[in-house]
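Engineer: Once you've looked at the hints, dock chain B against the given chain Z.
Protein chains in written order, with the numbering used here: chain Z, 1 to 295; chain B, 1 to 295.
In case anyone wonders, no lab produced these hints; they're calculated from the structure.
Hints may be right or wrong, so weigh each one.
The list cannot tell twin chains apart, which means a pair is met if one copy fits it or any two copies do.
[Stated by the list, open to error] Dumping the calculated SDA-like pairs for lysine to any residue here, alpha-carbon to alpha-carbon at most 25 Å:
no., residue 1, residue 2
1, Lys75, Asp45
2, Lys68, Arg210
3, Lys68, Pro278
4, Lys75, Gln54
5, Lys68, Gly170
6, Lys68, Glu215
7, Lys75, Ala51
8, Lys75, Ala223
9, Lys75, Pro96
10, Lys75, Leu171
11, Lys68, Ala39
12, Lys75, Leu169
13, Lys75, Leu37
14, Lys75, Glu65
15, Lys75, Pro41
16, Lys68, Leu87
Protein chains: 2
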Amino acid sequence: MLPAAPPPPAPGVSSSPPPPSVTPRGHLWLVPNTLDLGAAPQPLDAVLPTAVLQRAARLQHWLVEDAKTARAFLKRVHEMVPLQQPLQALSITELPRAAKGRPVAPAAARTGAMGGRGTPGEHGGARAGPAAQLLAPAVAGHDMGLLSEAGLPGVADPGAEMVAAAHALGLVVVPLPGASSLMLALAASGLHGQRFAFVGYLPQDAAARRTRIRELESRSRQAHETQIFIETPYRNGALLAAVLECAAPATQLAVSVGLTLPEGWSRTATIAEWRRSPPGGALSDRMPAVFLLQA
Amino acid sequence: MLPAAPPPPAPGVSSSPPPPSVTPRGHLWLVPNTLDLGAAPQPLDAVLPTAVLQRAARLQHWLVEDAKTARAFLKRVHEMVPLQQPLQALSITELPRAAKGRPVAPAAARTGAMGGRGTPGEHGGARAGPAAQLLAPAVAGHDMGLLSEAGLPGVADPGAEMVAAAHALGLVVVPLPGASSLMLALAASGLHGQRFAFVGYLPQDAAARRTRIRELESRSRQAHETQIFIETPYRNGALLAAVLECAAPATQLAVSVGLTLPEGWSRTATIAEWRRSPPGGALSDRMPAVFLLQA
Numbered sequence: 001m002l003p004a005a006p007p008p009p010a011p012g013v014s015s016s017p018p019p020p021s022v023t024p025r026g027h028l029w030l031v032p033n034t035l036d037l038g039a040a041p042q043p044l045d046a047v048l049p050t051a052v053l054q055r056a057a058r059l060q061h062w063l064v065e066d067a068k069t070a071r072a073f074l075k076r077v078h079e080m081v082p083l084q085q086p087l088q089a090l091s092i093t094e095l096p097r098a099a100k101g102r103p104v105a106p107a108a109a110r111t112g113a114m115g116g117r118g119t120p121g122e123h124g125g126a127r128a129g130p131a132a133q134l135l136a137p138a139v140a141g142h143d144m145g146l147l148s149e150a151g152l153p154g155v156a157d158p159g160a161e162m163v164a165a166a167h168a169l170g171l172v173v174v175p176l177p178g179a180s181s182l183m184l185a186l187a188a189s190g191l192h193g194q195r196f197a198f199v200g201y202l203p204q205d206a207a208a209r210r211t212r213i214r215e216l217e218s219r220s221r222q223a224h225e226t227q228i229f230i231e232t233p234y235r236n237g238a239l240l241a242a243v244l245e246c247a248a249p250a251t252q253l254a255v256s257v258g259l260t261l262p263e264g265w266s267r268t269a270t271i272a273e274w275r276r277s278p279p280g281g282a283l284s285d286r287m288p289a290v291f292l293l294q295a
Numbered sequence: 001m002l003p004a005a006p007p008p009p010a011p012g013v014s015s016s017p018p019p020p021s022v023t024p025r026g027h028l029w030l031v032p033n034t035l036d037l038g039a040a041p042q043p044l045d046a047v048l049p050t051a052v053l054q055r056a057a058r059l060q061h062w063l064v065e066d067a068k069t070a071r072a073f074l075k076r077v078h079e080m081v082p083l084q085q086p087l088q089a090l091s092i093t094e095l096p097r098a099a100k101g102r103p104v105a106p107a108a109a110r111t112g113a114m115g116g117r118g119t120p121g122e123h124g125g126a127r128a129g130p131a132a133q134l135l136a137p138a139v140a141g142h143d144m145g146l147l148s149e150a151g152l153p154g155v156a157d158p159g160a161e162m163v164a165a166a167h168a169l170g171l172v173v174v175p176l177p178g179a180s181s182l183m184l185a186l187a188a189s190g191l192h193g194q195r196f197a198f199v200g201y202l203p204q205d206a207a208a209r210r211t212r213i214r215e216l217e218s219r220s221r222q223a224h225e226t227q228i229f230i231e232t233p234y235r236n237g238a239l240l241a242a243v244l245e246c247a248a249p250a251t252q253l254a255v256s257v258g259l260t261l262p263e264g265w266s267r268t269a270t271i272a273e274w275r276r277s278p279p280g281g282a283l284s285d286r287m288p289a290v291f292l293l294q295a
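Isolated chain Z, as found in the complex (with noise of 0.2 Å):
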C-alpha cells in the first residue's frame, strides 16, 4: 500500500524522518548499461556519467539479467571509481528467467515467473511475489541496483517488472541517467521526434512481416508518428532487406547501427533512394541496429 502521504522523498532532499517503527527502505537505482554489449569495450565515461559510476560503484545489492556481463560492467565501473565492497562480496542475482529473452507477441498471455503482466488487478499479485523476495534487501534498507544488458533497464528488455514490484512494495525507484539507443537512433534519424511508437520486434514469417511493415507505414502516415523497431543482430540483413523490398518508395527509412561505437553509422533517405544506393556490404549481423520508419 502506498503511503497516503506526499510523493516519497527523493534522494538527496530531507523529508520527516519515518515513525519509529518502520526500517527505511533501501532504493532501486535504475544502472544504464553501455551499447557496447561487452564488444570492444570503450572507457565507461564515453557513455556514462561520472555520477552513475560513483553510484554503481557503493551498490551491493544487483538484480541484473545476466551475472557473468554484470560482473563484467562492474570490473569497468572498478577502472574508474573504486567499487566500494570488492566484487566477490558483492550480492548479485540474475532475474527469472522467464523475463528474458525475446519478448512474445502482444497478444499472447505473458506468463511467468512473475505471475503476468498487463492485466488489470493483477499489481497486487506482485507484492508476494518473487519479485518481492527478490527486492528484499531493498524492503530491509539497503540499496539495490537493477541492471540489464543493454541501455536502461525496463526498456526493450527485461527489468520492468522488477521496477513494478518495487513501486507495489512502496519503494522509491531513481532511474540514473544512461544512453537508450531507441532515443539515439531518433535522435540521429531526423524523422519526426514528437510523436513515436517503439513496437519492438517485427514478425519473422516473411508474409507477416510484409503486413506488419504496410500497418507501420500506415500507422506513420495517419497520425504522424515515426515507428521504431529492433531485430536480433544476426538478423539485421534479412530485416532491411523486406523493408526495402515492400514499403512504399516515397517512405522514409532511417537505420542506426553500432550507436556510440566508432564503427557506428546512422542512415536517412526514402526507401527509393536506399534501393538505389544500398550499403555497401551487409548490414552489420553483430551489432546492434535500430530501424525507424515515417510514411
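Structural biologist: For chain B alone, coordinates are given in the frame of chain Z:
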C-alpha cells in the same frame, strides 16, 4: 544525393580519403543537454558522460534552440572541460523560430521555415532551403553541434528538421549519449517497456482531452503498449487531475517529476490508488513531468 558507397564513414574509423576535389565534410554532432532546464544546476557530469563534454568543448559552430541557454550550457561545459575557443569566438545560431514552441496538432499542416515536414517528396526541399544555409559550415568541413533546451535534440523538441537536412546534404550525423526524460520515465514506471508510444501533448480543451485519454487507454489495452505524454510544467496539476477524473480505476498511471534532479520522484499506481492517496501537495508547476499510462 547520398553517395552510392558504403555507409558514411563513422568518426574514428579510417576510410579511403575522399577524391581531391571534394572537401571533407564536417559532422553534425547531436549534443545532449541536461534535464535541469538551468534551474539549480548540478555538475554536468551528473548527467552527461565526460567524453560528450570533451566533444562539446571542441565544437566551434553551434545550432541551438536558444542562444542564451546555449551559452549558459557552454559555460557549464567550460567548468569541466575548457572550451577549445573562448565562448565569444564561437558561432552560435538559433534554429528558425517557426520550428520552436509547442508542436502543432498532427492534423494541421506543418509549415514554416523548413517548408513543411511529413509530406512525401519534400525531403529534397531541405537541400536548398534555410537548413542548408545553417549547415553550410559543416558542408565546408567544420564540425557542428546541435543543442536543444533539454535532453536529446530532435526528440520532443525542434532539431529533427535540421538533422533531416543534414542527411539530405550527405553529412555524417552522430548522436551523443545523454539523458532522455521519456526513457528515464519509462524505465522508472515499471510499465511495458517492450512496446510504447510517445504521443506528445494532450489537447487543452477539456472535452477533447477526455476523449484523448480514453483513446490512449484503448490503444494501450489493445496493443499492450505504454502511452507516454507530457505537459507544460505549469499545467502539470491540471493534467493529472484530468487523468485521475476520467481514466478507468484499473488503469496504471506513472508520473515522473524532475527526473535526474535531487527533488525528483517517480510513482506508479492504479488510478484507483492515485485517487485514494493523491500527492500531498500540488504537482510541481515548474519541474517537467512525464506521464505514462497502461490500461
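Engineer: Taking the hints in turn, state whether each one holds.
Structural biologist: Each hint, compared with the structure:
In this assembly of identical chains, Lys75 and Asp45 lie within 25 Å of each other by CA distance both inside one copy and across copies; the values are 14 Å within and 21 Å between. In the homo-oligomer, the alpha carbons of Lys68 and Arg210 never lie at most 25 Å apart, since the shortest distance is 38 Å inside one protomer and 48 Å across protomers. For the identical chains of this complex, Lys68 and Pro278 are neighbours neither inside a copy (38 Å) nor across copies (42 Å), given an alpha-carbon limit of 25 Å. In the homo-oligomer, the alpha carbons of Lys75 and Gln54 lie at most 25 Å apart both inside one protomer (13 Å) and across protomers (24 Å), since each shortest distance falls under that limit.
Taking the shortest alpha-carbon separations for Lys68 and Gly170, neither the intra-copy value of 30 Å nor the inter-copy value of 41 Å comes in at or below 25 Å. For a Cα distance limit of 25 Å, the shortest separation of Lys68 from Glu215 qualifies neither inside one copy, at 39 Å, nor across copies, at 43 Å. Taking CA atoms no more than 25 Å apart as the test, Lys75 paired with Ala51 passes in both settings, with 17 Å inside one copy and 20 Å between copies. Taking the closest pair of Cα atoms, Lys75 and Ala223 never come within 25 Å of each other, the shortest separation being 45 Å inside a single copy and 40 Å across copies.
With identical chains, the CA atoms of Lys75 and Pro96 are at most 25 Å apart within one copy only, with a shortest distance of 23 Å there and 46 Å across copies. Taking the shortest alpha-carbon separations for Lys75 and Leu171, neither the intra-copy value of 28 Å nor the inter-copy value of 37 Å comes in at or below 25 Å. In this assembly of identical chains, Lys68 and Ala39 lie within 25 Å of each other by CA distance solely inside one copy; the values are 14 Å within and 40 Å between copies. With identical chains, the CA atoms of Lys75 and Leu169 are never at most 25 Å apart, being 31 Å at best within one copy and 42 Å at best between copies.
Proximity of Lys75 to Leu37 under the C-alpha cut-off of 25 Å is restricted to the intra-copy arrangement: shortest distance 14 Å within a copy versus 34 Å between copies. Taking the closest pair of Cα atoms, Lys75 and Glu65 come within 25 Å of each other only inside a single copy of the chain (16 Å); across copies the shortest separation is 39 Å, beyond that limit. Taking CA atoms no more than 25 Å apart as the test, Lys75 paired with Pro41 passes inside one copy only; the shortest distance there is 12 Å, against 31 Å between copies. Within a single copy, Lys68 and Leu87 get their C-alpha atoms as close as 12 Å, which meets the 25 Å cut-off; across copies the closest is 45 Å, which misses it.
Checked against the numbered hints above, the structure violates hints 2, 3, 5, 6, 8, 10 and 12; every other hint is satisfied.
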